[in-house]
Every structure is written in C-alpha cells, then in structure tokens.
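J.: So the sequence lines, in the order shown, correspond to chains A and B. Heads up, the numbering used here is the position in the first sequence plus 1, with the first residue counted as 1. Heads up, the numbering used here is the position in the second sequence plus 4, with the first residue counted as 1.
A couple of the hints might just be wrong.
[Unchecked claim] Facing chain B, from chain A, some residues (calculated, C-beta under 10 Å):
#: 1; residue: Leu39
#: 2; residue: Pro63
#: 3; residue: Arg75
#: 4; residue: Ser78
#: 5; residue: Ser86
#: 6; residue: Pro103
#: 7; residue: Thr119
#: 8; residue: Ala166
#: 9; residue: Phe172
#: 10; residue: Phe182
#: 11; residue: Ala227
#: 12; residue: Ala229
#: 13; residue: Val299
[What the hints assert, rightly or not] Only some residues are given here: those of chain A computed to face chain B with a beta carbon under 8 Å:
#: 14; residue: Ile35
#: 15; residue: Asp40
#: 16; residue: Gly41
#: 17; residue: Ile68
#: 18; residue: Leu72
#: 19; residue: Val94
#: 20; residue: Met107
#: 21; residue: Gly165
#: 22; residue: Thr167
#: 23; residue: Ile173
#: 24; residue: His176
#: 25; residue: Leu178
#: 26; residue: Gly179
#: 27; residue: Val216
#: 28; residue: Arg236
#: 29; residue: Ala238
[To be verified] Sample of chain A residues with no beta-carbon within 12 Å of chain B, all distances over it, derived:
#: 30; residue: Pro61
#: 31; residue: Leu70
#: 32; residue: Ala302
No lab work stands behind these hints, which were simulated from the structure alone. The beta carbon of each residue, even a glycine, is placed where N, CA and C say it ideally should be.
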Amino acid sequence: MEPGLLKSADWPILIDIYFFLGGIAGGAFVVATIAGFLDGQRYRDVVRTGYWVALFAILPCPVLLIIDLGLPSRFLSMLMVSKPSTAIGMSAVTAGPLHFKPYSPMSAGAWGLMVFSTCAFVCAAETWLTDRKGRAFPRVRAIAGVVGAVAGFFLAAYPGVLLGATARPLFISAHWLGALFLAVGAATGSAAIAIVLGWRHGSAAQAALARVMTVASVALIIQSVALALFIVSVRSAGSAGVDAALSQLLTGSQSVPFWLGAVLFGTVLPLLLQLRVIGDRVEQSVRLKADTTSMTIVRAALVLAGGFLIKFVLLEAGQAPLNGLG
Amino acid sequence: MARQVAMFTDVSLCIGCRACQVACKQWNQLEPEEPEWTGSYQNHAHFTENTYRLVRFVEEPATDKAEMRWHMMSDVCKHCTQAGCLEACPTGAIYRTDYGTVNINQDLCNGCRYCISACPFGVVTFNHATGTATKCTFCNDRLHNGLGPACAKACPTQSITFGYRDELEVKAKQRVEELKKAGVSDAQLYGADQDGALGGLNAFFLLLGSPSKYGLPENPRLPQRNVFLDSLYSIGAAVAVGLGAVFAFRTRGRDRRVPASAEASAELRRSASLEGERL
Numbered sequence: 002m003e004p005g006l007l008k009s010a011d012w013p014i015l016i017d018i019y020f021f022l023g024g025i026a027g028g029a030f031v032v033a034t035i036a037g038f039l040d041g042q043r044y045r046d047v048v049r050t051g052y053w054v055a056l057f058a059i060l061p062c063p064v065l066l067i068i069d070l071g072l073p074s075r076f077l078s079m080l081m082v083s084k085p086s087t088a089i090g091m092s093a094v095t096a097g098p099l100h101f102k103p104y105s106p107m108s109a110g111a112w113g114l115m116v117f118s119t120c121a122f123v124c125a126a127e128t129w130l131t132d133r134k135g136r137a138f139p140r141v142r143a144i145a146g147v148v149g150a151v152a153g154f155f156l157a158a159y160p161g162v163l164l165g166a167t168a169r170p171l172f173i174s175a176h177w178l179g180a181l182f183l184a185v186g187a188a189t190g191s192a193a194i195a196i197v198l199g200w201r202h203g204s205a206a207q208a209a210l211a212r213v214m215t216v217a218s219v220a221l222i223i224q225s226v227a228l229a230l231f232i233v234s235v236r237s238a239g240s241a242g243v244d245a246a247l248s249q250l251l252t253g254s255q256s257v258p259f260w261l262g263a264v265l266f267g268t269v270l271p272l273l274l275q276l277r278v279i280g281d282r283v284e285q286s287v288r289l290k291a292d293t294t295s296m297t298i299v300r301a302a303l304v305l306a307g308g309f310l311i312k313f314v315l316l317e318a319g320q321a322p323l324n325g326l327g
Numbered sequence: 005m006a007r008q009v010a011m012f013t014d015v016s017l018c019i020g021c022r023a024c025q026v027a028c029k030q031w032n033q034l035e036p037e038e039p040e041w042t043g044s045y046q047n048h049a050h051f052t053e054n055t056y057r058l059v060r061f062v063e064e065p066a067t068d069k070a071e072m073r074w075h076m077m078s079d080v081c082k083h084c085t086q087a088g089c090l091e092a093c094p095t096g097a098i099y100r101t102d103y104g105t106v107n108i109n110q111d112l113c114n115g116c117r118y119c120i121s122a123c124p125f126g127v128v129t130f131n132h133a134t135g136t137a138t139k140c141t142f143c144n145d146r147l148h149n150g151l152g153p154a155c156a157k158a159c160p161t162q163s164i165t166f167g168y169r170d171e172l173e174v175k176a177k178q179r180v181e182e183l184k185k186a187g188v189s190d191a192q193l194y195g196a197d198q199d200g201a202l203g204g205l206n207a208f209f210l211l212l213g214s215p216s217k218y219g220l221p222e223n224p225r226l227p228q229r230n231v232f233l234d235s236l237y238s239i240g241a242a243v244a245v246g247l248g249a250v251f252a253f254r255t256r257g258r259d260r261r262v263p264a265s266a267e268a269s270a271e272l273r274r275s276a277s278l279e280g281e282r283l
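So here's chain B without its partners, still in its complex pose (with noise of 0.2 Å):
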C-alpha cells in the first residue's frame, strides 16, 4: 500500500466562498442542479448525486443575542478508516484504495442502496441517473496521477489541504495550538487521531466548538461492531424457537396426556380423507 493520504479542512480560514464545491463539480463533471432555498447561503441542504463538496453555513446567536455568528464549514467525505458503507457493499464495488482513501466503483455497483442507511455521516447518495450510490472519490483520477483532490487545489484560504496523513496530522495539531494561544479556546480536531472513532478520518476537521454544531456526529460509530452480537442474540432467539418446536412436536410426553386413540381416529380420518382427493 502507498502511504496514507488525507484531506485536512480547517474551519478557522474558510471564507465560505465554494470554491471548492464549484471545483468539485467541474473536475468530476457532475451535473446542475436546481438550486435549493435553505434559509442561508448554504446550496443544497445536504450532499446529493451532484454535490460531494458542500460548504455548511451554520449560524449561531452571539452569546449577547444581538448578531449572529456565522461559521462556514466545507464538508466532504470522511474516507473513514473503518468505513460503514464500505463494510456493507455486498458486491465488492466500495473498496479501499492503495491510498487508503475509500471510492466507490461504479462498474460494479447494483444500487442496493445498503451503504447509504450504513454510513455514520449521511455522505453516501443515490443516483436516480446512473441507478447506483455515489460520492467523493477523494478525486481518484487525480490522486493517482499524482496530483492532490480538485477542492484542496482550488481553496483560496488554504482552508482545505492535501497531503501525506502523518504530515498533516502535525500540521494539524500545530494548528490547534496556535490558535489556542491566539486565544480561540474551542479550537478542535474531528476525526485527526488515528485511535478515536473509526480508527480516524482520512479527510479530518479542524472546528470552532463541537462537532454537534456542524451537523458531525459527537461519537460515529461503525456499524458492522453491530454484527457479531445481533448475531449471538439471534442464535439465542433460534435455539429458544427451535426448543419451542422439539417440545411442540414431542411424542412421548403428549402420548402420556392426550389419549392415544385421539390422535389415531384423527389419523385415520385424515388418511381416509387424503385417500378420498387421490382418487
């Protein structure tokens, strides 16, 4: 495998432009869309067959109440190290590259639709055009042939950047620092530590306050953990029914209460009657 490669959004620089939305939507040729009334800047709501880079404007009241706060937010695909849609692919189409980021291929996808329910950040999208779930491919064309993600490329503020995980990691915590000194005490990292939630983000976050403001879930959590213990509890269920049948069924305890002769007329009547529909 290559070394690992990541996407680094830092909150603290985006000036919300959508450069990198507009960036995205050309190099990966996707289509127009009707535009979305919101209630903000914000165009669309959330990701769609056409939108895999979409800048979040979160407005938050001042703590006086007198204005509001506005933080952008350029969100994107988390190439999640243990990646819920990738895990429940059923055909193989989701895989992870030697990049380690995660893309979906598009030959081979059937549109069961499973890694759009199983993805923790609701990323994952149908297309109605092509029948099949699409999203970022982290510019796969481009990464390998050695160029980084188009959004990174275009982001005036260097609010995006692209580059080697480990490096960016640094680059990313020294960040949190600098800006805890320059006194922005709710300076955060989502998704940088490889040890946290899903085993790290491969297109980590760097938020003013908490994940939850941003519409990011506080803990993800991979679906598939689910798997093993549904599965031991099921086996439960199935040896609890199938004792249910054995008793049910059994022979010699009911021959002690019903009288035999019961069954046995109900017996003969019945093979008389199936003696009858033969004929």
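For reference, chain A alone in the conformation it holds in the complex (with noise of 0.2 Å):
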C-alpha cells in the first residue's frame, strides 16, 4: 500500500521532448567546442555544425517548457519573482527580485538553461559573422565556448538529477540518471551533429564524420555503464514500489521499447557498426565499406531514437502509478 499514496507531477511527451533536444544541443556543443578548441582549421565543419545544431535544438526548449506550466504566464517565476522570501530552502539565494536553489535542480535548470541558450546563441552568431562576413572574434567565441560547454553537459545532466530527486521510488533509489542522461545528451548531439554534417556535405565530410561518430560512440558506451550500474542500484534498494516501478522498465508495459528500441537498436547496433568500421580501417583497403557516409548517418539515427527512448521509458516507467502492480 505504501508506494501507492505517491503521487506523480504526469509530465507530459513535451518534458520527453524537451529532456531529447536539451540533452542533444548541451551534448552538441560540447563536442564542437572540443573539436575547436583542439584544431579549429581542420573541424571547421564540425564547430559550424555543432553551435548551429545546439542554437535549433535548444530553441523550442523554452516554449515546450512553458506549455507544460500550470501558469504558462507565471514563467519567469523560476529566475525571479517580486520578493522571494528567505526561507525557501536549503543554501537558498536571493538577490533582489532574484533566486536561486542549489539544492533544486528545476532552479539551477532555469539558470542553466539561461546561460547555456546565451552562449549558444553567440557561438552560432560568432560563426555565421564569421563565415558570411568575414569577421571573427575568437575571444568571445572562446569564451562563450567554454561557458557554453560546462553549461551543456549540465543541460544534459540535470534533468536526470532532477528525477533522482523526486520521492518516485524509481529514481529515488539510484544515483546513475544524471550520468546516463549526460552520456545519452553526448551521443544524441554527436549523432545530430553528424546527420547534418553528412547531409550537407556527404562524402567530402568523411574524416570529420568518423570523428565525430568516435565520440558518439565513447557516449553510448559511458551510457550503457551508467544504464547498467543505475538498474543494479535500484535493484538492490528492493522495496515493494520500486520492484513495482523497475518491473515496469524491464518485463512490463515499456520492456518492449525499451529492450529492443533503446537497448537492441539504439545502443547495441550503432557500437557493433562502429565495430565493424573500425575493424574495417584495420585493413585499410576495404576501409570505406561499412563506413560510408549514408551508413554513417543511420547509425547516427539509430543514436539519436536510441537516446529519445531511453529517456522516454525512464520517465514513463517513473511516472506511472503504483497501485496494484507487481
């Protein structure tokens, strides 16, 4: 009876949408901000791609997320409000109309988001003034590329935190969702980043799309240890409500996405098709086989609907009634 009495805030497909494209734009422009920073000549198309992928994916953010408010008119209420009161919470800061939670990772995700959106929007300006006008400020790109890039992978992570704090037993009882969430944002954006890339420049982006499926890769190999260690951790929490909530995951109404969408083919796959394209540049002479660019950008869609699942079947899985389960 116990887990039964809890309730759930039933966020809607647009926070599945929302956790997709933030995840997808943090993760996007970490990896061009890497790739700039390590040779900004060679992966030019990389930077280009990655910022301008991480402005599009992040701009509906803030309007799915003020849909789904209660008061959509009330949004601004996460950054400020005209008097916070000083006993709002733990470590709770105030200044003036504004506030901020540490300890409230919706608080840090509003602030988050503000930054992250900033950086990206200058990043992507930065390019195009570059590439249209001629004109560059590396400074500002530099610096709004690292501010962006730790704003990003905490884009990516929060919302798994943010679950990990709610009293759902599901994700009470582990400590892995921000560290999945943040390697699926990795992979996803890598995936974008290369679906575009491939797309608009097909073969002649080949070496830049290798690179950027290697950090695909490395991301979903991050994600299934994460994936891995949070099932074992709820697993061994072991209470009623949350053998109730994982045998939903697992056996239950999301098994089937679940295994064979984000597990079979949004995991497994795309590793074993990097596989073999590795296996592939071992005998240089059949080297472009498995490594073309139309196969490159499948396995980078099977990434980004393998990151969208897993999220999905999380929050769904988490959200869903207790009673009269398991």
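Take the two lone chains and join them into the complex the hints point to.
T.: Spelled out as structure tokens, the structure:
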C-alpha cells in the first residue's frame, strides 16, 4: 500500500521532447567546443555544425517548458519574483528579485538554460559572422565556448539529477540518472552533428564524420555503463514500490521500447556498426565499406532514436501509478 | 522565528467522524467534489485539490480472520522539517512560515508540478482550476491570528491536537506510555522525533501498528539528499565524455595512423564543395 500513495507530476511527452532536445543541444555544443579547441581549422565544419545544431535544438525548449506549466504566464517566477522569501530552502540565494536554489535541480536548470542558450546564440552568431562577413571574434567565441560547454554538460545531465531528486521509487533509489542523461546527451548531440554534416557535405566530410561518430560511440559506452549501474542499484534498493516500477521497465509495459528500441537498436546496433568501422579501418583496403556517409547517417539516426527512447521509457516507468503493480 | 507549532494526531482516539475533513473544507472554502467509491467509508481515495484533511479507513483482518478490525486515521500534510516539496520548488512559492509550517504561496506558484513528485507522502496535489499546486496550509490565516487549525478545533475526541511542538511532543510520549501500560503494545509515534526521518514532522502521529499499515513510508527520505552524489557522478561522466571527445578529435596520434594525404584530400574536396555552394 505504501508506494501507491505517492503522487506524480505526470510530466507529459512535451517534457520528454525537452529532455531529448536539451541533451542534443548540450552534447553538440560540447563536441563543437572541444573540436574547435583541438584544431579549429581542420574541424571548422564540425564546430560550425555543432554550434548551429545546439542553437536550433535549444530554440523550442523554453516554449515546451512554458506550455507545460499550469500557469504559463508565470514562467519568469523560475528566475525571479517580486520579493522572494528568505525561507525557501537549503542554501537558497536571493538577490533583489532574483532567486537561486542549488538543491532544486529545476531552479538550477532554469538558470543553466539561460546561460546555455546565451552561449549557443553567441557562438552560432560568431560562426555566421566569420563565414558570411569575414569578421571573426576568436576571444568571444572561446569564452562563450567554454562557458557554454560547462552549461551544455549541465543541461544534458540535470534532468536526470532532477528525476533522482523526486520521491518516485524508481528515481530516488539510484544515483546514476544524471550520468546516464549526460551520456545520452553527448551521444545524441554527436549523432545530430553527424547527420547534418553527412547531409550537407556528403563524402567530403568523411574524416570529420568518423571522428564525430567516435564521440557518439564513447558516449554510448558510458551510457550503457551508467544504465547498468542504475538498474543494479535500483534492484538492490529492493522495496515494494521500487520492484514494481523496475518491472514496468524490464518486463512490463515499457519493456519492448526499452529492450528492443533503446538497448538493441539504440545502443548495441550502433556500437556493433562502429566495431565494423574500426575493423575495416584496420584492413585499410576495404576501409570505406561500412564507413560510407549514408551508413553513418543510419547509425546516427539509430543513436538519436535510442536516446529519445531511453529517456522516454524511464520517465514513463518512473511516473506510472504504483497501485496494484508487482 | 516564532515558536514552532505542531499538530498531533492520535489514531487511538479517532472515531472516523470526519468532522476534521468537513471543517477543513469549510474553513478553506474548498469546492465540493463527487464522492468516490473506495470500497470503504473513506472518501476520497487520496488527497485531492479540494481535500487537505482525509480520514483513512484501514481495514485489517483480526488474528482469527473471523472479523475485520477498523483503523481510522486522519491524514494531513506533515509540514516536514526537511520538506521535499519546499526544496524542490523552483519559484520560491513554497516557503517556511514563522511558525515552522510549510505553505504554498498561490500568487507565486506557476504549476511546474515538481513538488508533487518530490513529496515523500503524496500530499501535494495539482489544482486544475487554478493551475497551481495545493495542499494543507496549516490554516495559515487562522495561525497568524492566534487560532489553531480548523481540523484540530473541530475534532470532538481530541484525536487531533494543536500546540507548541516541544509541549506536544512531551504529551505524545506520555500518551504512548499510557497506552502501553493499558496493554496496547503496538502504539508508536510517527514523526515526533526531531532527530528522526526528515528532521521530524510538524504534523506527527500516534499509530497503532507499523506506518505501512496506514500507507505511510517507514523511512521517508528527503529526495534532494540525492542531488550532491547524482551531480558528482554526472561530473564523472562529463569528464569521461570530454576525454572521449579529446581522444576522437586528437590530431597528433591520428596523423600517424591515417595517411595525412587521405585527410588532406578530403579537406580539399570539402572546401571545393563549399566553394561551389557559395557560388
């Protein structure tokens, strides 16, 4: 009876889409910044694409979040209210009308989204000015790139931390959701860059594509480790409510999209294809066989679909009513 | 801060009359609702946007299974010392009053619903009419005018009592001793201990039997306790992903393996295609 009395925010699919797009934006921005710092000339297509993917992925996010509010007109309360109370929680900081609560991932997320979208706009605008007007602002891009990369990692990870800081049995009993979401964000962000690169530049971008997909594969491995650790630690928590929620995911209503979609097609298959690419590269002669642009795009699309599904099934299983389950 | 107040609900005295539930609805001007068939006299199944006090009717088979035993328990927001809803709230709408109770400022709440998922007791409810989160206010208006909550005022058996927390805690402990002396061995306090779970509940209970019998969690935890470790692991994952990206985009190691000419020709082809695009 005990877990059945818990309530749920019942966040709808809008929030799944936000988690997905926010992850892509954060991941793509991070990849762009790192590529730019290592060799801005050689990877300028990756950098340009990454910053633009980040900007376009983050644009709909505030809209999705605001639509989901019970009172959309009060969206600004997330950042400021006319006179914040001082007794609003652990380590809460207020400055004039502004307020920030480090222990509320949603408060931190609202600020993170602000910082990130500013950086995404600055970096995308800078690449546009460089490309079209021939005016570069390397220092501005470097600062916005670093700040935005930190914010981008944060943006990808914080929804997982937020879910972990709810009383829902599936979420509260493990510590790995933030790490999992971050890895999913990096994988989907890289995959989104790969798709745009492959689509715009075709085989000319082959070398860059291979590198971007390497990032995606590394992220997929980290994602798999985080997911395994999540399931193991949830299982070892072992109360009635936890078991009911976990069985939703592993054997219940979410099991097909989870195992078939998120795990098999979204993680295992892209990793196997990556292995084939590495194998082919060892035998230099047949190198391009599995590494064609269209193949890479298929692989990236699988990563994207898997990344959406993993977040979707977790949110569904965690929010499902716990009465009469298990 | 003013002296901490509390409500003490003694299940052993509850007769299930629901005067508290009615008084709560009247004082707080909560809308009438369609009754709900729960299989018992309990109505509703759980807290709703218009039910802040709820008498639970828990049925338990007697040891010989010949008849059922009834346990009545008037449930309410616990006004936790460490409150999941308050810590979750991103707008600062949920705040702690001078008396130590937890209240939602309806003028600030924007309906994000995080508090609903963060409450360890399933108390906070989304009000579809106002678009905000609602819950028991500890009759905040009465409290700030020198009155106790309406439910405690209305209770005819003094199952619900109101007072300063320190005094009430002493009374509650005496009551448990009394009951134990009278042979009620499973009498126990829930949430009275300020060193206990969630730093103590400011609406605490005397239960006859385990908390789970009444639908209460045995060991409620503050969800935000997870934030630190979850963030730490996330930073670990960020470092791993970052290193992975540096590995993928490294230029020196790769140059040795892939002939520079291959990449250079790709570069040429690409810049050629870009030139074409611009024309």
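J.: Find the hints from earlier in the document that the structure breaks and name them by number, from lowest to highest.
T.: 2, 7, 12, 13, 16, 17, 19, 28, 29, 31
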